[in-house]
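Engineer: Next come the chains, spelled out residue by residue.
2 protein chains.
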Amino acid sequence: MKSTTSTLGILFDLDGTLIDSVYQHVLAWHQALREEGIDLSVWRIHRRIGMSGGLFVDALARETGVALDAARGDRLRRRHAEELLSRLPEIRPLPGAIQLLSALDKAGVPYALATSGRRETADFTLPLLNLRPDVPIVTRDDVAHAKPDPDLFLAAADRLGLSAEKCYVVGDSVWDLLAAQRARALGIGVQSGGYGRAELERAGAYRVYADPADMLLHLDEIGIRFTPPDLLL
Amino acid sequence: MKSTTSTLGILFDLDGTLIDSVYQHVLAWHQALREEGIDLSVWRIHRRIGMSGGLFVDALARETGVALDAARGDRLRRRHAEELLSRLPEIRPLPGAIQLLSALDKAGVPYALATSGRRETADFTLPLLNLRPDVPIVTRDDVAHAKPDPDLFLAAADRLGLSAEKCYVVGDSVWDLLAAQRARALGIGVQSGGYGRAELERAGAYRVYADPADMLLHLDEIGIRFTPPDLLL
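Same order as they appear, the protein sequences are chains A and B.
Residue numbering for the first sequence is 3 to 235, as defined by my numbering.
Residue numbering for the second sequence is 3 to 235, as defined by my numbering.
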């Protein structure tokens, strides 16, 4: 039996997808906003995690009537980073995250990370994943627009030498899945950021798994082979 | 025009429904569990908030393989309460919560509160609502089984002198809505605890509002009248 290996890549979101950090991000923003006198319900912050900071500010203006100038925006960002740092000891990789990446290495499937966060913030939690040094990591600093624009995933695919159409995007938020659709990649949702299955499916997820451990158990469903074709009868 | 006033009551959940406290509860449990050496993903804790503590322990056993004895359960509960207390300064009533209750007072609609939490924990946040002293408050201490069993809502309806079938249940979690169905009350979902609309509808919500402020804007949709019938032409 003959087979040609098709090239496939995986583009991972970071917070809520590989790292169990969404809720700490949420309460870090809540605290930073409160210090600016902005009372926004916690669930509304949760639903904005993973989207571009600029769009978050626009949503904030609509929902609270508060417009942020650049100085206040910078202060918010700095306080959020400080608050996140203070919660760092609580933050862990999600179950199966490290094992999933290691399985992809064994299967010869290239992958990259793409986050709407800044490199400075991502650097807090990235060490938890023990990544190979050559895994591409694209952050908000590298592109003009973060999610749900497709730029982050397009850049991550490019760093793998693939077109985004050849890639799966794995993410926990509707912003990941909208960005995946705009990049013409297939989206896979994980519930580990706190969104429910129905919301992820409605945003375009082709499959939804509980977390990386659950995705690892079902790699066959997304066409990842561990058995070399020449071993098959 | 003649009209008879139909008797209608409203049974409110507390955390995530009237008080913006779900995410603080989640991270308080996360911290308490970690101190017991139990690593459970944060989103999985989120999805258990509002259910009976005994069922939470059963779910924990399934998801982590850890069985809790009574002493460990007590220690967890105590540490959760302490961690919640340390987060109390961050906790606020949800937008519109106080105004919604006040509107119900004006419309002559009786209401009660019913929470799966213990009275001791509820007492931390209840003062934020400035309730009339005669508003019935039913806690986990008052019934044999908490949500999703119907006991809390049945007891709350009873305290209003109504059958649960005459009441709406307002809650943010699928446990509230399942308990509402079992009590044969109509369920109304609010998204302010972090569940999405689709999940709440699937769990039986007749209507879903963003939060108490949004529900207050739509009281007509659940048949609450502010105009006395004898003023109508």
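The set of hints was computed from the structure by calculation and includes no laboratory data.
Hints may contain errors.
If you only want the chain A side, here are some residues facing chain B, beta carbon under 10 angstroms, derived [claimed, not checked]:
{"hint": "1", "residue": "Asn132"}
{"hint": "2", "residue": "Arg199"}
{"hint": "3", "residue": "His220"}
From the structure, some residues in chain A lie toward chain B, with a derived Cβ separation under 10 angstroms [unchecked claim]:
{"hint": "4", "residue": "Asp22"}
{"hint": "5", "residue": "Val24"}
{"hint": "6", "residue": "Glu203"}
{"hint": "7", "residue": "Arg209"}
Stretch by stretch, here's where chain A covers chain B in the computed footprint (C-beta under 8 angstroms, at least three residues) [stated by the list, open to error]:
{"hint": "8", "region": "36-44"}
{"hint": "9", "region": "89-98"}
{"hint": "10", "region": "188-195"}
{"hint": "11", "region": "201-215"}
These numbers come from a predicted model, not from an experiment.
Heads up, the beta-carbon is just placed ideally off N, CA and C, and yes, glycines get one too.
Engineer: Against this structure, judge whether each hint is valid.
Structural biologist: Hint check results:
1. Asn132: With a closest approach of 17 angstroms, the Asn132(A) hint is violated.
2. Arg199: holds (8 angstroms)
3. His220: violated (18 angstroms)
4. Asp22: Cβ of Asp22(A) sits 5 angstroms from chain B, so the hint holds.
5. Val24: holds (7 angstroms)
6. Glu203: holds (9 angstroms)
7. Arg209: violated (17 angstroms)
8. 36-44: Contact hint for the region 36-44 of chain B vs chain A: holds, 4 residues under 8 angstroms.
9. 89-98: Since three or more residues must qualify, the claim that chain A covers the region 89-98 of chain B holds, with 4 doing so at under 8 angstroms.
10. 188-195: holds (count 3)
11. 201-215: n = 3 at 8 angstroms, threshold three: holds.
Hint compliance for this structure: hints 1, 3, 7 are broken, all remaining hints hold.
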